[in-house]
Amino acid sequence: MEAAAIIFYLISAFILGAGILAVTTRKIFRSAIWLLFSLVGIAALYFWLQVEFIAAVQIIVYVGGIVVLIIFSIFLTQQSGKEMAKPVTRRALFGILAVVFGLALIYSLIARHGFAEQATRPFGVTVDAIGTQMLSTTDHGFILPFEVVSMLLLASMIGCIVIAMKSRNTGPELQEPAGGKLMIHADFTSNQTDKEA
Amino acid sequence: MNSIPLTHILFVSTALFCIGMYGLFTRRNMITMLMSIELMLNSVNINFVAFNKYLWPEKLDGIFFTLFIITIAAAEAAIAIAIIINLYRSHNSIDVEDATELKY
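Chains as they are written, first to last, in this note's numbering: chain A, 1 to 197; chain B, 1 to 104.
Bound conformation, chain A alone:
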């Protein structure tokens, strides 16, 4: 067995082991950290596949962005040291059954389908080829999805702000801070009047 094959199997075992731990561990913060390891392993798999640009994007967006966002939301909403409730036994059992049968079905399909591999040609993804095709307006260019996805990012950014923004005047629990703000205001005006006096 070549070194490349051994590295591939090591990376795969790392990805799958970290993924299994991410969905089965009962502490939510550890779950996020195992997800982080799994995503780093997937980036390593992209390096092994010689698509370095995708690997860099994976590390920047997933590891640097999404996992950090998830960890922040865990800190905002959960007591991260507390253990989550165990999944219901019946649900876990049927989940395992569905997953095993689905895996067996898909794997039998994959193994039976003969792929016409033509990997004799070299596969080189250069960043300038990606950039040229991404912004070209010819037949195989990706300028239209590029623009559409930029609009999608803008819309999701505005949507996030609107959804997560605190509403000012709804709910009885917001009465108290409004009173506090008034008091601060009163203090400020009294200070001003003192200064004027």
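One or more hints might be untrue.
Unchecked claim - Listed next, with one range per pair, are the computed distances between beta-carbon atoms: (1) B:Arg-89 with A:Val-68: 38 to 46 Å; (2) B:Ala-99 with A:Lys-82: 15 to 23 Å; (3) A:Phe-123 with B:Ser-93: 44 to 52 Å; (4) B:Val-96 with A:Ile-96: 19 to 27 Å; (5) B:Asn-86 with A:Val-68: 16 to 24 Å; (6) B:Asn-86 with A:Thr-126: 42 to 50 Å; (7) A:Gly-114 with B:Asn-86: 44 to 52 Å; (8) B:Arg-89 with A:Ala-111: 47 to 55 Å; (9) B:Ser-93 with A:Gly-114: 44 to 52 Å; (10) B:Arg-89 with A:Gly-64: 42 to 50 Å; (11) B:Asn-86 with A:Gly-141: 34 to 42 Å; (12) A:Ile-6 with B:Asn-92: 44 to 52 Å; (13) B:Glu-97 with A:Lys-166: 24 to 32 Å.
None of these hints come from the bench; they were simulated from the model.
Using N, Cα and C, we set each Cβ at its ideal position, and we do this for glycine too.
Given the coordinates of chain A, work out where chain B should sit on it, guided by the hints.
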């Protein structure tokens, strides 16, 4: 490099997809369900890159699909976390069993 057949990479991505599916079935916390969805999206990305490399090495379409999927996954995660934080503010819980306002 060619010592690994395509089916092995596809098996890894299928197994990762099934792991994400199991997490989505068993977890009831919204953040962990979101993490399972991220795992599933990543397995699809592995498939796209592997198909591009092994079957059509002269094209770049799989690479572009992967890039767009990563972008949309980032937008989706941001929206989902905004919704989760808003839900936590109104319900004090992010368990899907507690969010039952739309049930009846």
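Checked hints:
1. B:Arg-89 with A:Val-68: 38 to 46 Å: violated (21 Å)
2. B:Ala-99 with A:Lys-82: 15 to 23 Å: Roughly 20 Å apart at Cβ, these two residues keep to the hinted range, so it holds.
3. A:Phe-123 with B:Ser-93: 44 to 52 Å: Cβ of A:Phe-123 to Cβ of B:Ser-93: about 49 Å, so the range 44 to 52 Å holds.
4. B:Val-96 with A:Ile-96: 19 to 27 Å: Given range 19 to 27 Å: holds, Cβ gap about 20 Å.
5. B:Asn-86 with A:Val-68: 16 to 24 Å: holds (20 Å)
6. B:Asn-86 with A:Thr-126: 42 to 50 Å: Since the Cβ atoms of B:Asn-86 and A:Thr-126 sit about 43 Å apart, the hinted range of 42 to 50 Å holds.
7. A:Gly-114 with B:Asn-86: 44 to 52 Å: Holds: the Cβ-Cβ distance is about 50 Å, inside 44 to 52 Å.
8. B:Arg-89 with A:Ala-111: 47 to 55 Å: Because 49 Å falls inside the window, the suggested range holds.
9. B:Ser-93 with A:Gly-114: 44 to 52 Å: holds (51 Å)
10. B:Arg-89 with A:Gly-64: 42 to 50 Å: At roughly 27 Å between Cβ atoms, A:Gly-64 and B:Arg-89 fall outside 42 to 50 Å, so the hint is violated.
11. B:Asn-86 with A:Gly-141: 34 to 42 Å: The hint (34 to 42 Å, Cβ to Cβ) holds, given that B:Asn-86 and A:Gly-141 are roughly 39 Å apart.
12. A:Ile-6 with B:Asn-92: 44 to 52 Å: holds (50 Å)
13. B:Glu-97 with A:Lys-166: 24 to 32 Å: This hint holds: roughly 25 Å between Cβ atoms.
Hints 1 and 10 from the list above are not met by this structure, while the remaining hints are.
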